[in-house]
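2 protein chains.
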Amino acid sequence: MTSTDELAFPLEVDYSYADLSREFRDVRSGPDIARWQELLPPLHAPTLGEGGTPLVELDGVFVKDESRNPTWSHKDRLNRVTVSAAVGAGAPGIVVSSSGNHGASAAAYAARAGLDALVLASAESPPAVQDFLRAYGAKVLSVPSEGRWPLMRQIVERLGYHPVSNLTVTHTGHPFGPEGYKSLAYELHDQLGRTPAAVFVPTGYAELLYGLWKGFRELRDLGLAEGAPRLYSCESAINAPLSRAFAEGIAAAKIEYTPGSRAYAIGAALSGYRGVVALRESGGAALTVTDEELDEAQRRLAGQGLWAELSSAAGLAGYRRLGQRFDGPVVCVSTSAGFKDLGVGTAPPETVDASWASVERLFI
Amino acid sequence: MTSTDELAFPLEVDYSYADLSREFRDVRSGPDIARWQELLPPLHAPTLGEGGTPLVELDGVFVKDESRNPTWSHKDRLNRVTVSAAVGAGAPGIVVSSSGNHGASAAAYAARAGLDALVLASAESPPAVQDFLRAYGAKVLSVPSEGRWPLMRQIVERLGYHPVSNLTVTHTGHPFGPEGYKSLAYELHDQLGRTPAAVFVPTGYAELLYGLWKGFRELRDLGLAEGAPRLYSCESAINAPLSRAFAEGIAAAKIEYTPGSRAYAIGAALSGYRGVVALRESGGAALTVTDEELDEAQRRLAGQGLWAELSSAAGLAGYRRLGQRFDGPVVCVSTSAGFKDLGVGTAPPETVDASWASVERLFI
Chain A
1 MTSTDELAFP LEVDYSYADL SREFRDVRSG PDIARWQELL PPLHAPTLGE
51 GGTPLVELDG VFVKDESRNP TWSHKDRLNR VTVSAAVGAG APGIVVSSSG
101 NHGASAAAYA ARAGLDALVL ASAESPPAVQ DFLRAYGAKV LSVPSEGRWP
151 LMRQIVERLG YHPVSNLTVT HTGHPFGPEG YKSLAYELHD QLGRTPAAVF
201 VPTGYAELLY GLWKGFRELR DLGLAEGAPR LYSCESAINA PLSRAFAEGI
251 AAAKIEYTPG SRAYAIGAAL SGYRGVVALR ESGGAALTVT DEELDEAQRR
301 LAGQGLWAEL SSAAGLAGYR RLGQRFDGPV VCVSTSAGFK DLGVGTAPPE
351 TVDASWASVE RLFI
Chain B
1 MTSTDELAFP LEVDYSYADL SREFRDVRSG PDIARWQELL PPLHAPTLGE
51 GGTPLVELDG VFVKDESRNP TWSHKDRLNR VTVSAAVGAG APGIVVSSSG
101 NHGASAAAYA ARAGLDALVL ASAESPPAVQ DFLRAYGAKV LSVPSEGRWP
151 LMRQIVERLG YHPVSNLTVT HTGHPFGPEG YKSLAYELHD QLGRTPAAVF
201 VPTGYAELLY GLWKGFRELR DLGLAEGAPR LYSCESAINA PLSRAFAEGI
251 AAAKIEYTPG SRAYAIGAAL SGYRGVVALR ESGGAALTVT DEELDEAQRR
301 LAGQGLWAEL SSAAGLAGYR RLGQRFDGPV VCVSTSAGFK DLGVGTAPPE
351 TVDASWASVE RLFI
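Chains as they are written, first to last, in our numbering: chain A, 1 to 364; chain B, 1 to 364.
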């Protein structure tokens, strides 16, 4: 498969699987994704303790709470590995195009590794997320989205910074990105003591989706797990390029981006070949969810003690949308924390009297 | 020791230590604090996967990153146990007086356990934290601080809600609170493979400080650990009731609260007997840190990839303030995440051109 001006295929990382040690399955002691080192690229960047997130049962499904990572999203699994690539390449810094979790996570791992970080953000992400991006000492530029990728390419060429997000016309991402996400599949198999029947995945560019698939496929092909789960991509109904590509039987789709969804973290205008591979090979499907369905799923999660970002509730929303029963455990991945939502922190509280009447009004 | 109108002594939880199973030290498999059930009160409330947080090495000290808990603070260790007490007592709900982490955590565990939650907040906490308090479906009342405690007592009496924060004239807290925090001591001993030499603890009401001490003391007295660490309370320099009580050799102090510190999560006006016990028995000391020292410590943590709340940086700030070398590992507890700080999310970003000139200006 050869990339063209209109379609880019990703690089794939392969391993000498035959040389995998017998101990691989028993290595459960490490506090971070290095416990799976044998099936990961070299981890040159120091850890922040990513991974090892809990699986919380809720109304008959399991929620994998990825807000429990070092920068409170799943992106830390990816950035441990991509920043490791930057360290391995001897780059003086990393550059990333991101409006939120990916950028902050890259900045945190770069800081930890002693590399510079430059984040090309958009002004659309919430102000608290802008502070999050800046917290780790990265240089942050808020630039209009259409100019982000050309500028990123210039930064790579002129400064020698290592890019840890996409540079291609359809999405390929950093080749090491999904490798970090594989750890999520290994962990799920470990925590459940078996292969789940289905996994529902909040989906923007489908790197997480593909990483999960590759991890489960490896476990199956290595004889370490029975079968593999069906994977379901859960995109915003307003912008769903993977759903289009999957429906049309094409490798990747570019759509015109429609603003309006509050689920900004999964708002993608282009998909990549890997998303289609994950859905097709796993026997899953492409789902879309409306903002109202996301609101409902977010409320359900919070009503059980998990305050997820709106986009992160897409896994549970997709599962409920599908309405199908499975013969085995169902996992909904929740990617991030509610603090990162649009609108959080905009309304100052109204102070009331410390009287019994104030309490009674709450119960009317 | 008998409580008076001016000084309240806490209830202490005791165990039948002689009956502790031999396996206690080997139970490392649980994904939450239930792994230490034998030395905890009954855990009636379901878990959200609290505890098991990573220890990150940084400039020669270890940072225990408690922002990795279910509601992104150490308070989840306490609330699993106190909400369990509410469930065990058959209460229809819980009530808590808190401006931040404690309230949100109590609301999350109450929601998970199917109990109502009523939070008496103050209007001084940041708007994002107000949203955090409301996220889990709790009823939230922002009332002036002087009226919070009398109103809380009324709620307990009239609604039968179980109080999970303090109701006494000097601080005693919920008797089960420090029991949950003991898990932090067990984990630290586990992760280091030995007893640390010193632990620096962000300190408001000193429940965390005492819980840590009780956990280490138990390990030592049970012969499961060699010795115990020195514990250092790290209070805000502006309001430091424990420092006063410790210096004056009294059981607890009440001070006039002085506004002005941005470290609102450790701003206490009264201390409790347990804080003095922890410092005295461990051979530690009471430290205070200024907001500027907290800023510096927060920057150091973020510069290594950990975005801590300002108050949470008090552990590292206290260690740096003390400037003493220890013969063994030093742990600074970092209690919570930067998203909860005053001022986060208040400044909208300035968009610039996606041009090379914009990049160059960053490097001037």
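Note that these hints are calculated values from the structure, not bench results.
Any given hint might turn out to be false.
As the list makes no split between identical chains, a pair holds if one copy fits it or if it spans any two.
Calculated lysine to aspartate or glutamate pairs in the EDC-like style (CA-CA distance at most 16 Å, straight line) [as the list claims (entries may be wrong)]:
| # | residue 1 | residue 2 |
| --- | --- | --- |
| 1 | LYS254 | GLU38 |
| 2 | LYS254 | GLU226 |
| 3 | LYS139 | GLU57 |
| 4 | LYS139 | GLU360 |
| 5 | LYS254 | GLU124 |
| 6 | LYS254 | ASP295 |
| 7 | LYS254 | GLU157 |
| 8 | LYS139 | GLU12 |
| 9 | LYS254 | GLU6 |
| 10 | LYS139 | ASP116 |
| 11 | LYS139 | GLU38 |
| 12 | LYS139 | GLU248 |
| 13 | LYS139 | GLU350 |
| 14 | LYS254 | GLU146 |
| 15 | LYS139 | ASP59 |
| 16 | LYS254 | GLU281 |
| 17 | LYS254 | ASP190 |
| 18 | LYS254 | ASP5 |
These figures come from a predicted structure and were not determined experimentally.
- Item | Hints the structure fails to honour | 1, 2, 3, 5, 6, 7, 8, 11, 12, 15, 16, 17
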